[in-house]
Amino acid sequence: MLSRLASHRLWLRPTAALYRAASATAARRRFATSIPETVQGLQSALEAKTGDVTVVASSPNMLKVRSKGLSPSIGQLVSLSEGTKGVVVHFDSSVATVLLLKHDTPVGTGTRVQFDNLGTFQAVRLPFVPIIDRIPVSRRIRTGLGLVDALSPIAEGQSIAIRGPSTANSIYMALALNKIVSNAIREDITVVYCNPLGPAPASIANLPSEGLDLICGDQSSPAVGYLALLKALEVAKERREGGRTMLILDNVAEYVELNGQLRSEAGIPMPLSTEQIVSAAMQYSCNTRSKLCPLTTVVFTDKFSRDVEMQADTLLQYDVAAASFDATGLCHNSLLNSLLPPLEAKCVKELRDMHSKITMKRSAIAEQQAFGIHIDYWEEEDMQHWSNALAILDAIPLSLPPAKRILVMRSVLVYYFVGKRNLEEASIAAFIDEL
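Using my numbering, read the sequence shown as starting at 1 and increasing by one per residue.
Hint data in this document are derived by calculation from the structure and do not stem from the laboratory. Hints should not be assumed to be uniformly reliable.
Stated by the list, open to error - Pairwise CB distance ranges (calculated):
id : residue 1 : residue 2 : range
1  : G242      : D218      : 41 to 49 angstroms
2  : I171      : S264      : 32 to 40 angstroms
3  : R263      : A205      : 25 to 33 angstroms
4  : Q369      : C293      : 33 to 41 angstroms
5  : H374      : R66       : 53 to 61 angstroms
6  : S79       : S264      : 24 to 32 angstroms
7  : E238      : I171      : 29 to 37 angstroms
8  : V95       : E257      : 25 to 33 angstroms
9  : R263      : E367      : 43 to 51 angstroms
10 : E257      : A364      : 25 to 33 angstroms
Unchecked claim - Cut-off 25 angstroms, straight-line C-alpha distance, at most; resulting in silico cross-link-like pairs (BS3-like, lysine-lysine):
id : residue 1 : residue 2
11 : K85       : K231
12 : K237      : K179
13 : K85       : K64
Note that the Cβ used here is the ideal one computed from N, Cα and C, for glycine as well.
The whole structure should be built from the sequences, with the hints applied where relevant.
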């Protein structure tokens, strides 16, 4: 009996092993036969995805792409069959708007489009910087422009806004740009220059490349110019982690027109407006709490359009060292020997009266707060705005017409600072006290 059981167990072992082997073989056969079907299914699925993404409308810089079953993200890079690349700037229902990067051949309707995994541009909504006091001048920067250096003193981490003709068309602006960049490089400050419209001006293109990053657009491709400013902010942020940095944004007013051209062509707003990009530059400059090295921002605007006027006045409310000058007169008076404009007493009187009114209003609000009298929030905020604004001469552009504003800048400030032998003693506070 025991021998029969033993032989039965010996027979069970090979039988179980054979059964497992047969099952494994059958599974491998089933898997092997399913591999071609799986691959064929994946190929058909991929072909369906790429085949259903086609161009339905095209313009020189924009494409309308219909995508069935796909939801591209804003900023996603796409590839076209002709080798052209593009960036998704808007997606609604099944139609995506693609901003074309530099391309040599026109793209027609019916062209196949593939959403490649090439990365994305993050479209971040950035708030404006709140009104803040100017940071102490721990390290002074000399731009080389007499009036600008006298007006501040300018500290690292602050911003400079200069308005006037384009640096490519004005010898004075070109000299100003050359002096600012040369002095910064001489002080071991890395300069990141951005011109969204084309190559860098000859005034800085011939400077040593060490310590100077040139990020320029292409006149034949508005899309490249649109992305140039975004790239400049990214490069400036990286350079700031390694040392002192200066970011120069040139032709900002032209960028407004470029943004408007692309917006009208696409029929939808672009992901980032000029105000958001300038605000981002301001935020990078004003971020002094982190361990990052100082970032000084210089903004050149060359047209007095409504957006630029509002933008420059906005810049003046924040951490700005010198702004709202007629840049041609500024450079002319700083770099060349010329007669100073006549001093108009009426302008000085208006400034003195404005200073007195703000001082009286500030005292009245302080008395109301001392007695616990309710003060309207907007009134207090407006008072704070004017107090900070006066400290950086914001009261001048907000209260006077442009012609009189230029006269004030050329006369009052020049007459005040030209007699100061020691520029360290020439400050905005002293100027206000003497009004």
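Okay, the hints, checked on the actual structure:
1. G242 - D218: 41 to 49 angstroms: Cβ of G242 to Cβ of D218: about 28 angstroms, so the range 41 to 49 angstroms is violated.
2. I171 - S264: 32 to 40 angstroms: 34 angstroms, holds
3. R263 - A205: 25 to 33 angstroms: 31 angstroms, holds
4. Q369 - C293: 33 to 41 angstroms: 39 angstroms, holds
5. H374 - R66: 53 to 61 angstroms: 59 angstroms, holds
6. S79 - S264: 24 to 32 angstroms: Distance hint for S79, S264 holds at roughly 26 angstroms.
7. E238 - I171: 29 to 37 angstroms: Distance hint for E238, I171 holds at roughly 33 angstroms.
8. V95 - E257: 25 to 33 angstroms: 26 angstroms, holds
9. R263 - E367: 43 to 51 angstroms: 50 angstroms, holds
10. E257 - A364: 25 to 33 angstroms: Since the Cβ atoms of E257 and A364 sit about 45 angstroms apart, the hinted range of 25 to 33 angstroms is violated.
11. K85 - K231: 17 angstroms, holds
12. K237 - K179: Holds, because 23 angstroms separates the two Cα atoms, which is no more than 25 angstroms.
13. K85 - K64: Holds - the C-alpha atoms of K64 and K85 are around 14 angstroms apart, at most 25 angstroms.
In the structure shown, a violation is registered for the earlier hints numbered 1 and 10, in ascending order.
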